[in-house]
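Student: Using the hints, position chain B against chain A.
There are 2 protein chains.
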Amino acid sequence: MKEIFIIGVGLIGGSMANDMRRIYSESKISGIDNKAEHLSRAIELGIIDEAASMADIRRADLVILAIPVDSTVEILPQILDRIGDEALVIDVGSTKEDICEVVKDHPKRRNFLATHPIAGTEFSGPEAAIEGLFRGKTNIICEVEETAFKLQEAALDIFRELGMRIRYMKPKAHDRHIAYVSHLSHISSFMLGKTVIEKEKNERDIFDMAGSGFESTVRLAKSSPDMWTPIFRQNKTNVIETLNEYICNLENFKKLMEQEDFDGVYSEMKNTNYIKKILKGIE
Amino acid sequence: MKEIFIIGVGLIGGSMANDMRRIYSESKISGIDNKAEHLSRAIELGIIDEAASMADIRRADLVILAIPVDSTVEILPQILDRIGDEALVIDVGSTKEDICEVVKDHPKRRNFLATHPIAGTEFSGPEAAIEGLFRGKTNIICEVEETAFKLQEAALDIFRELGMRIRYMKPKAHDRHIAYVSHLSHISSFMLGKTVIEKEKNERDIFDMAGSGFESTVRLAKSSPDMWTPIFRQNKTNVIETLNEYICNLENFKKLMEQEDFDGVYSEMKNTNYIKKILKGIE
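The listed protein sequences derive, respectively, from chains A and B.
Using the working numbering, the letters of the first sequence correspond one by one to residues 56 to 338.
Using the working numbering, the letters of the second sequence correspond one by one to residues 56 to 338.
There could be a bad hint or two in this list.
To be verified - Restricting the straight-line Cα-Cα distance to at most 25 angstroms, the calculated cross-link-like pairs of lysine-lysine (DSS-like) are: (1) LYS256/B x LYS256/A; (2) LYS309/B x LYS227/A; (3) LYS256/B x LYS225/A.
It should be emphasised that the hints constitute simulated quantities derived from the structure, not laboratory data.
Only a predicted model underlies this, so the values are computations on that prediction, with no experimental measurement involved.
In isolation and in its complexed conformation, chain A is listed as follows (with noise of 0.2 angstroms):
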């Protein structure tokens, strides 16, 4: 790996370009990014060595794409059509049905590994890199079959080294589970952090009010809705379907309020403190 390209240098091809810096100290980390902003930042940083255009994709050995997926749409068809044949190029987008897709019959489709490493905060920007944000977390690889044994093999030495666990989905089999266990509690947190500002036009009241539970309800609320309008596009039909869901308990737990049914109020949060025990495989 003596040159790796990171498209996109913020909190997730940061962290990415930090960990690549110590796994393979001898490399050479170039950046590209549409922001001029973030490219010099991130090399002040020390996150890359170099700003670099897809004129130089043709050297990399290694290139990250990280970036928002309907980039990643437009962007990865086009990293193919340059790279040389040796070379391995990861995608790290929250959907992986339309990135999939979209380079299926390109020719240098072995050449590219898709994968989702559950990591990440509610920061963004090349100021949000840290280092060992992957180290305990899961990476999902979706399609691993379509990628040249090498490639699949040098790609997981990286993970390895980024103290990653593998797991392997097909990509709407991916979507479809993310949209519950990730794009749900981004949209629930969003709309929530909506009600209350709404309702509480005295933002200090709302502060000296909230405690450490609404904190941690509507932290994802913070999120990039440039990273996240894309998302919520390609995966809208799943989406969609896992917001139905949502309402439809919500609705059903206000009739029990309204019923005085507060039995049924009891029930539904008992049986959801089961939640307790799946979070502990989280934790």
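Tutor: Just chain B now, kept in the frame of chain A:
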């Protein structure tokens, strides 16, 4: 404060007892709880000195009532019936209107102070009690003018020692605002947990795919139904109103997605990002 009685030796009562021990090292701390195992556990953990019964309350200088709010409404008048003329009784319940209402004509009303410390975790029972839980947190005091001057002063001394900042509100306003910043968060979290559990029968898949974002949004779904059912019952009207607005915002978000209005989806998130600024005040 020679004799302190803690009624309900769980997360809040137990944490209060821990702080009382530090502030009033000479005091005897007695516990009353309808769960015998909570009392013996609290004694083992050094949270209380001994178990007591309602008949002993007459000796109390300070009574802290930290039980579910339906029990508070039932027990508070009985406590006021039994205490001496100089005793201070404080409740720490998450609703205030019904609690203030039930004692408004009690001859010992002036011995009572209605408070809501905005502090806690999703855990419960004496094991959940921690030191310093209240430091830097807000305590909302309701109807302060109904409490005797000398006892107001004694209570404020305690809260200052606990490191709390004080806000004064009317019970009705407290219940309306807290429905938004606390009660709704709990329901959104419980129903999010329910939606995911229903869908993801294979729990191993949930926690392999779920990241810290999901963990954060469903954290409150671990909360105690015994504590929360009576809160929702007492604050029914306000909570139903917040649920209506929350569901309406979710429906609107879904409609934007169905209409493929992703500029609209972007704006919804962008406008709510403003929550960052508000949350700075909480963190």
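Student: With reference to the structure, classify each hint as holding or not holding.
Tutor: Each hint tested on the structure:
{"no.": "1", "hint": "LYS256/B x LYS256/A", "result": "violated, 41 angstroms"}
{"no.": "2", "hint": "LYS309/B x LYS227/A", "result": "holds, 21 angstroms"}
{"no.": "3", "hint": "LYS256/B x LYS225/A", "result": "holds, 18 angstroms"}
When each numbered hint is compared with the structure, a violation occurs for hint 1 only.
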